[in-house]
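Using the sequences and the accompanying hints, generate a full structural model.
Below, each chain spelled out in residue letters.
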Amino acid sequence: MAETLLDIRNLRIEATAYPPGEPPRNLVLVDNVSVSVKKGRVLGLIGESGAGKSTIGLSAMAYGRGGVRLTGGEVRLNGRDIRLADAAGLRALRGREVTYVAQSAAAAFNPAKRLMEQVVETCLHHRLMSRAEAETRAVWLFGKLGLPNPETFGNRYPHQVSGGQLQRAMTAMALCPKPDLVIFDEPTTALDVTTQIDVLAAIKEAIRDTGVAALYITHDLAVVAQVADDILVLRGGKTVEYGATGQIISDPRAAYTRALVSVRSIEHQEKPDARPILSVDHVTARYPGTHFDVLKDVTVDVAPGQTLAIVGESGSGKSTLARAITGLLPATQGRIRFDGRELSPDLASRTRDDLRELQMIYQMADVAMNPRQTVGTIIGRPLEFYFGLKGEARDRRVQELLDQIEMGAGFAKRFPAELSGGQKQRVCIARALAAKPRLIICDEVTSALDPLVADGILKLLLALQAREGVAYLFITHDLATVKAIADKIAVMLKGAVVRYGRKSDVLSPPFDDYTDLLLSSVPEMKPGWLEQVLKHRRMESAGN
Amino acid sequence: MNSVLKLVAQRIALGLLLLLAVSILIFFGIEALPGDAAQAMLGQSATPEALANLRHQMGLDQPELPRYFHWLGGLLTGDLGKSLTNGEDIAAAIGNRLGNTLFLAFWAAIFAVPLAILLGLLAARHAGKWQDKLISGVTLATISLPEFVAGYLVMYFLAVYWRVFPSMAMIFPGMSLWTKLNTIALPVIVLVMVVLAHMMRMTRAAILNVMQSAYIETAELKGLGPLAVVWRHAFPNAIAPVVNVVMLNLAYLVVGVVVVEVVFVYPGMGQFLVDHVAKRDLPVVQACGMIFAAVYIGLNILADVISILANPRLRHPK
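Top line first, the protein sequences correspond to chains A and B.
With positions in the first sequence counted from 1, the corresponding number in this note's numbering is that position plus 9.
For the second sequence, counting from 1, position 125 maps to 117 in this note's numbering; every step adds exactly one.
Everything labelled a hint here was simulated from the structure, so no lab data went into it.
It is possible that part of the hints are untrue.
[Said to hold, decoys possible] What follows is a set of in silico ranges between Cβ atoms, one per label pair, in the way DEER data are often shown:
| id | chain 1 | residue 1 | chain 2 | residue 2 | range |
| --- | --- | --- | --- | --- | --- |
| 1 | B | Trp223 | A | Asp522 | 18 to 24 Å |
| 2 | B | Leu10 | A | Arg140 | 54 to 60 Å |
| 3 | A | Asn164 | B | Phe103 | 37 to 43 Å |
| 4 | B | Trp122 | A | Pro120 | 28 to 34 Å |
| 5 | B | Phe20 | A | Phe424 | 54 to 60 Å |
Ideal Cβ placement from N, Cα and C applies to all residues, glycine included.
Structure below.
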């Protein structure tokens, strides 16, 4: 039986909130959580945003972000309660016994310093090894993590390498001082799905080869199932379920865990093709003053009451296509037809009806609403602008729209800051619907939401489509979402459509190389999936 | 590296263009002022014939455009012309004065810049606490005091009451460096008081802004102490805004010291300029204006270049 490294008992974490115009309020972020990690084992912490995952993770370094305080229980690391350590004692353990890998490595690296300098800094600061030894170890780790040219990689600055490489470099930085425990805080969440799989494999291998223990924090159960030995499911700062990975995945006991495991259960029947409402015809576009086409000869169409999903990685041109259709980025070649008439490429010369029939919903509902307007004003604005509704008539229509998005009458008087993430996105949907559009462009509308909340939004969108007959152009990088809602799919790569057709055709073999890579990279909720995929890929590349 | 050279060359070319524009403004602006040296020398009761004679002697009756080009050509070859009032060579007279002004500015900067940055780092480190409030309060009080008030205050206490330093900052060639420093101590103190707050506040703001970044948390979680975090991780990213304000203040130390020089009777550019404005000695005023403009533009270009070099994205493109 391995020795216990980290033992958290009855942990309670609090913070003080300062709501504007109200007296300060005490918040309990984590309540009575007990969990332990043995040497060399990996514990997965899973839950939605606000569940207290990162807060518990950082408590293993006795670190609280902002005004977060550890107010009760014990955090025993290597046998001693680190809650009792003084500032010097904490500095001695941070970086030496426990290290941290942040979600956004791009922000977590100092832009003014070379990578090597930052990777070996902890070793030198704690005098764990000489500079030469630390650099040798860093180069070894770079190689281990599959970074290109490990010998010279460290000479670069953070802005000179890609996001996936930075995330690996951050892992190397965390492993370099030979800590006992590494906290991985959503290390692959910000990455594209095809990059995620490589980084995940690299992290898993590095954990295995260095024998380090880890806390792996994520909201994605399928990801944590690949790396964790045990899983702690959290909700609202409380333990929902705690057990071995196999048991949590195959035999979840708590209702909440069952909901997490069975998320994306939406069944959607593909509708038959029909005369399109929107046709994008050989559209090419570039940003003014550049010499590079960001959209290359794109041809797609959408039928009324149907959903076209645009899939691709970041930088593939998905959102640029939306900008070209809405006229924000006028197409340099090709035509955009809507309901049989040709739309002017440029937003400024479109009629008010053109504008009304084509609405948008954005990824960040937060920033797409004026924080100083009430929900009623936000939804009422298009009613005034397009239909001239005022006073009572407007309020009645706002009420109808709120009912449609399954929110009650009281919400009209609330401000965006008083809504949850899912509610904000619902208000944005209501605002789009208020214009009675024929087509709504949904740009990564569920990407910033927790899986269960995202599921609710998708169900709402499908219900609205069935009732109102509105068509969707649904931009996403998430293939599970695509399977759930699409009638047609266009796969984009580097500004061009590489595969396009009915959902059943696009998602069935034979695949082109890129679609195959994309589909096989989506994590599946079964332990051992990662190894299977990698083995399969190695065999394929050996066969070629 | 090529793109950096290009950016730097662009900045320098722009600076030269700006200097040319400034020369036009200075020359014609000062020409357009009422009165001239002949009027000033002969006084109100001069006869029109005497005035015309003197103007002809001084070349003031020539058309303006050829005079401008003649003057500009002189500037480019280092010949600033002759003083209208005493016939002295301006370049020689100014050279000495400029040296004195730069000497004063240099020693003020030597004390003010490190002190301001140190105080800014300390204030940022203790943001919101009493140390921060004390530093901000004191430096803001010193900048709020007009220079002549501050000048007479330090003179009263340090020269008259405690008799630590001399009140007159008269320096001349042949003094030893130590005597010189002792002599200029009071104006240096006043100048430091004047420029400290601006640089301190900018350092504090820039550091606090950087301290919000995720990489500062990374550094804290490595176990680095607070000073190491600020010095090694925050400061390198705060250089650009700080350098810009430092350079503005250095420029002020050269071109804005008129009041301080007059208060302490220091033989620098400021006093020289004021004397010759009174005498309507236009070539001297124009030469002083050009030198001030050149210093100002030069230091700002230097700030730009340092900011460019401090940015790793520009220094090491992808």
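Checked hints:
no.	hint	verdict
1	Trp223/B - Asp522/A: 18 to 24 Å	50 Å, violated
2	Leu10/B - Arg140/A: 54 to 60 Å	47 Å, violated
3	Asn164/A - Phe103/B: 37 to 43 Å	39 Å, holds
4	Trp122/B - Pro120/A: 28 to 34 Å	33 Å, holds
5	Phe20/B - Phe424/A: 54 to 60 Å	58 Å, holds
Checked against the numbered hints above, the structure violates hints 1 and 2; every other hint is satisfied.
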